[in-house]
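Protein chains: 2
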Amino acid sequence: MSTSFDAPQMSSSEGEPKDVVNALIAQSIPPMHGLGIRVEELSPEHAVSAVPLEGNGNHLGTMYAATIFGAAEVVGGALAIANFDLAHYYPTVKSVRIEYRRPATTDIRVAADLDQVTCARLRRDVAAAGKAEFEVDMVIRDLSDTIVAVAHGVYQVRAR
Amino acid sequence: MSTSFDAPQMSSSEGEPKDVVNALIAQSIPPMHGLGIRVEELSPEHAVSAVPLEGNGNHLGTMYAATIFGAAEVVGGALAIANFDLAHYYPTVKSVRIEYRRPATTDIRVAADLDQVTCARLRRDVAAAGKAEFEVDMVIRDLSDTIVAVAHGVYQVRAR
Numbered sequence: 002m003s004t005s006f007d008a009p010q011m012s013s014s015e016g017e018p019k020d021v022v023n024a025l026i027a028q029s030i031p032p033m034h035g036l037g038i039r040v041e042e043l044s045p046e047h048a049v050s051a052v053p054l055e056g057n058g059n060h061l062g063t064m065y066a067a068t069i070f071g072a073a074e075v076v077g078g079a080l081a082i083a084n085f086d087l088a089h090y091y092p093t094v095k096s097v098r099i100e101y102r103r104p105a106t107t108d109i110r111v112a113a114d115l116d117q118v119t120c121a122r123l124r125r126d127v128a129a130a131g132k133a134e135f136e137v138d139m140v141i142r143d144l145s146d147t148i149v150a151v152a153h154g155v156y157q158v159r160a161r
Numbered sequence: 002m003s004t005s006f007d008a009p010q011m012s013s014s015e016g017e018p019k020d021v022v023n024a025l026i027a028q029s030i031p032p033m034h035g036l037g038i039r040v041e042e043l044s045p046e047h048a049v050s051a052v053p054l055e056g057n058g059n060h061l062g063t064m065y066a067a068t069i070f071g072a073a074e075v076v077g078g079a080l081a082i083a084n085f086d087l088a089h090y091y092p093t094v095k096s097v098r099i100e101y102r103r104p105a106t107t108d109i110r111v112a113a114d115l116d117q118v119t120c121a122r123l124r125r126d127v128a129a130a131g132k133a134e135f136e137v138d139m140v141i142r143d144l145s146d147t148i149v150a151v152a153h154g155v156y157q158v159r160a161r
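Note that the protein sequences, when read in sequence, are chains X and U. In terms of this note's numbering, the first sequence opens at residue 2 and continues consecutively. In terms of this note's numbering, the second sequence opens at residue 2 and continues consecutively.
No wet-lab data here; the hints were simulated from the structure. A portion of the hints provided could be inaccurate.
Stated by the list, open to error - DSBU-like cross-link-like pairs, simulated, lysine-lysine; straight-line CA separation at most 35 angstroms: (1) Lys132(U) to Lys132(X); (2) Lys95(U) to Lys95(X); (3) Lys132(U) to Lys95(U); (4) Lys132(X) to Lys95(X); (5) Lys132(X) to Lys95(U).
Use the sequences and the hints to build the structure in full.
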């Protein structure tokens, strides 16, 4: 069995999956880090990001649209990283649709899930073709658990 | 005729339309300003934004997805501001779909147009209902004029 079929792995020296992603953000994606976007929970099937309202206000005193977008967009990439070894694979985003339902007047959290069947299919596709595509729904909530936005992303995982 | 039917106007003391929007960004939307997003051209029917690659790189050395999104998203709001007096109306974004076609490896520019019929309809709707909705396509190009992404936004203009 190829290592591509192995269970998702992270180098233990790099800490928990979310720490790996937050370190990547801090080191390699300065604008995302600067917006305050962080991954708070991460496993191959579940990811949560968070971003503070402070520093992210807009002309209406609510959260800037692109910050909300960024907090949503990161969870798809994080899920890819939780499923594939960053040393050999990298994620890219192909498209995102975001719908703003109500103003975000507090910090926000974004949650997304991938089911086991999709995770297994991704590993098969990457092993067979060197790349794989997946879609994921993101739900953006404020601190009172009200949904302020929803998003749908299409991502690709590619072998380096 | 109500002032809502008047031709689009900007207070001359505030300078050109693009200067009004860039001042709003600098003063009221710090995260957008921090990403380096600027409006370069603005009239009621045409808007262009720009953002530098420098400071906006990602883990692949290309432009961060949310920065590209932000550069696209601003043009819809800017077109709204060019059509309505900010003293009495404000724009909000309802939804955006963005499709990343190829990596952005240079600074980018985003262009969008509104036709005269739509601008006139917006003024009628705002006068009648206190709000109006419009859709706009944004085209994102790199410095060699290659399309790196396309987006479609739905915006609303509301009376204060």
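Problem - Hint check, failures only - result: Going through the list in order, the structure violates hint 1 alone and respects the others.
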